[in-house]
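Asker: Sequence:
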Amino acid sequence: MIRVVVDDLASFAADAVVRPATTRLDPTAAALRRLETVGGAEFQNRIRLNRELAVGGAVVTAAGGDLPAEFVIHAIIRSETEPVTRGNVARGGFRRNHGDGAARAPGERAVPRERVVRGGAPRRSAGVRGGAAAGGGVNRRRWVIAVLAAWAASLGWLVKREVFRPTGARLAAAAMAVAPGGLFYRLAVGGQQVGYSSTTIDTLPDAIRVENVFVLDVAALGTLHRTTARSITMLSRALRLETVETTFDGDLGQFAAHGRVIGDTVLSVAIVSEGDSQMTRIPLRGPITLPTLLPLRLAFGGELRSGRSYTARLFDPLLLTGRDVTARMAAESTLVVSDSADLDSTTMTWVPEHFDTVRAFRIDHDANGVPTSSWIDAQGRVVLSSIAGAGDQGFAIERAAFEIVYENFKHRDTARVARGSAAPGPGEIVPVTALVAGLRGDPPERARLRLRRNGRDTLEIVQVGELPAHAALYRLPSRDTALARWLAPEPLIQSHDPRIAAQARRIIDRERSPARVAELLTHWVHGTLRRTIPQAGSVPSAEKVLETARGDCNEAATLFVALARSTGLPARTVAGLIYMNGRFYYHAWAQVYLTDWVAVDPTFDQFPADAAHVPIAIGGLARQVELVPLIGRLKLEVL
26 MIRVVVDDLA SFAADAVVRP ATTRLDPTAA ALRRLETVGG AEFQNRIRLN
76 RELAVGGAVV TAAGGDLPAE FVIHAIIRSE TEPVTRGNVA RGGFRRNHGD
126 GAARAPGERA VPRERVVRGG APRRSAGVRG GAAAGGGVNR RRWVIAVLAA
176 WAASLGWLVK REVFRPTGAR LAAAAMAVAP GGLFYRLAVG GQQVGYSSTT
226 IDTLPDAIRV ENVFVLDVAA LGTLHRTTAR SITMLSRALR LETVETTFDG
276 DLGQFAAHGR VIGDTVLSVA IVSEGDSQMT RIPLRGPITL PTLLPLRLAF
326 GGELRSGRSY TARLFDPLLL TGRDVTARMA AESTLVVSDS ADLDSTTMTW
376 VPEHFDTVRA FRIDHDANGV PTSSWIDAQG RVVLSSIAGA GDQGFAIERA
426 AFEIVYENFK HRDTARVARG SAAPGPGEIV PVTALVAGLR GDPPERARLR
476 LRRNGRDTLE IVQVGELPAH AALYRLPSRD TALARWLAPE PLIQSHDPRI
526 AAQARRIIDR ERSPARVAEL LTHWVHGTLR RTIPQAGSVP SAEKVLETAR
576 GDCNEAATLF VALARSTGLP ARTVAGLIYM NGRFYYHAWA QVYLTDWVAV
626 DPTFDQFPAD AAHVPIAIGG LARQVELVPL IGRLKLEVL
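Sequential numbering from 26 applies to the sequence shown in the numbering used here.
Misleading hints may appear alongside valid ones.
Simulated restraints on C-beta separations [claimed, not checked]:
| no. | residue 1 | residue 2 | range |
| --- | --- | --- | --- |
| 1 | L508 | G552 | 24 to 30 Å |
| 2 | A509 | G327 | 56 to 62 Å |
| 3 | N606 | P205 | 49 to 55 Å |
| 4 | S331 | T225 | 26 to 32 Å |
| 5 | R333 | A204 | 22 to 28 Å |
| 6 | T359 | N606 | 17 to 23 Å |
| 7 | G332 | H436 | 40 to 46 Å |
| 8 | T268 | A204 | 47 to 53 Å |
| 9 | A356 | H548 | 45 to 51 Å |
| 10 | L508 | I287 | 45 to 51 Å |
| 11 | H436 | T225 | 56 to 62 Å |
In short, the hints are calculated from the structure, not lab data. Backbone N, C-alpha and C define an ideal beta-carbon position, used for all residues, glycine too.
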């Protein structure tokens, strides 16, 4: 027995479409109520509603006519005693009625060959394609076309569902396969271990928790300093960043940052340092991720395909800055990693006992301007990461067994450094002519020397005249939109703070020359700050430095930049090396924009700063961590 009911399930603009029916038909559905309103009582009297449709039925879509697309009527054919075929659909459902006594099953009503139009007035129709032709024949060719069209529509729906569904939905489905567990990594420079890191993933019912630990020994001022960074990140099941808690602890500073993403538009960050907390809100241009979570997003976002590129917005919780990173997928490789270790009783070190092979894609990208290659497996876990082109002296992150990573680092002095002289004072800077290469004779007394890049890997020192007060071609405040980034406040550079702005006005008075303002601020910071070693647990904050009037090069640079920005002078912090007493030391200073970026050192009262300053990293916090990957690559030679 073939029964025919009317519904508005499909939305294809075709004369006749047949497709599988696997849904339920509810006579109280909102769509049917709309049809009843349009068609009136005549419509309700001429249809039979079945609450449930069996799998294997078919929907015949009759499109066209005067009805809006959402009110197009469709016939649903269900067979209880025989397969649904072109023939029996035509015989049972679309036989032309020539009167009320037309043959049909007891209790069944035939579907009239009328379409319902607005106002309920029935209207004669030419019929549904695929129905009975004159004389009761069936146009088989058109029914075949209808079935093929239905199949193509179903396939298209499936493709749209799987390929064109939102990224969040695809990530949420793929992320169900994220495996919990922990991995350990050996940090090495030139093959020598200088630290370790670990990544632990916990899968929760509605979130994913990722914990990263980073421990590193950094040589600064001739002494070995240990730096520890730890972050706990909560992700949604679609791998969207929700919260992040970061702690940074080192001999040169300590702070904690607690961040929460609000609607993919704002990142609210609370910074705690030395018992003092500050709140800041960072506008977002869209979803962000952390540098340590980028491999996870690439793997479960389906991006690990050779030749593809993927651009993501990264937020670094240590530097408190965001940047766009483009990752380029290279070929897949097979790597060998140690997954277990044994203690060598002779050397009392842990050595690999068993190796495993891991297939991983190479990902090329820039990490803070340094070309980096990382190998990522199918689970989004880093197998190996190294500085591109660094050779045997490069910085590398290598996955290994826990004992090799942790125990060897704990029980061995794996990063000896030569003890340098005591921290030099301002008057102990060697004559800058010791660095000069290519200059004949001594430079004039009032001449200055500056570094200039010569090729990709060489810096040369050139002689420049004294910087004139009118060097800049603009008056303060700067209105150049390209420099807006270096005029805006940052979490620890509070250039909009009323106390900082008031102090800057007192220093410069009515001066509006950028070069003269930079010089005045340099002299004031140098003369005001008492040079002291920062307290344990402190991190440079312009507000705090202005209040305490003490600190080292980091504090001096931070306060100078805040004062400069409050006057409308573009300024930024710089971290790098300074040549003193025949050695290179870590140092921090500032740069201001005149006709170009000019180095300023308020610690040593230099405007502009001399060529003994070698800049490496610009802007942000926690420069120790960013400088570490350069340790193995940087070779300094005084010519």
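Asker: Okay, which hints does this one fail, numbers in order?
Answerer: 2, 6, 8, 9, 10 and 11
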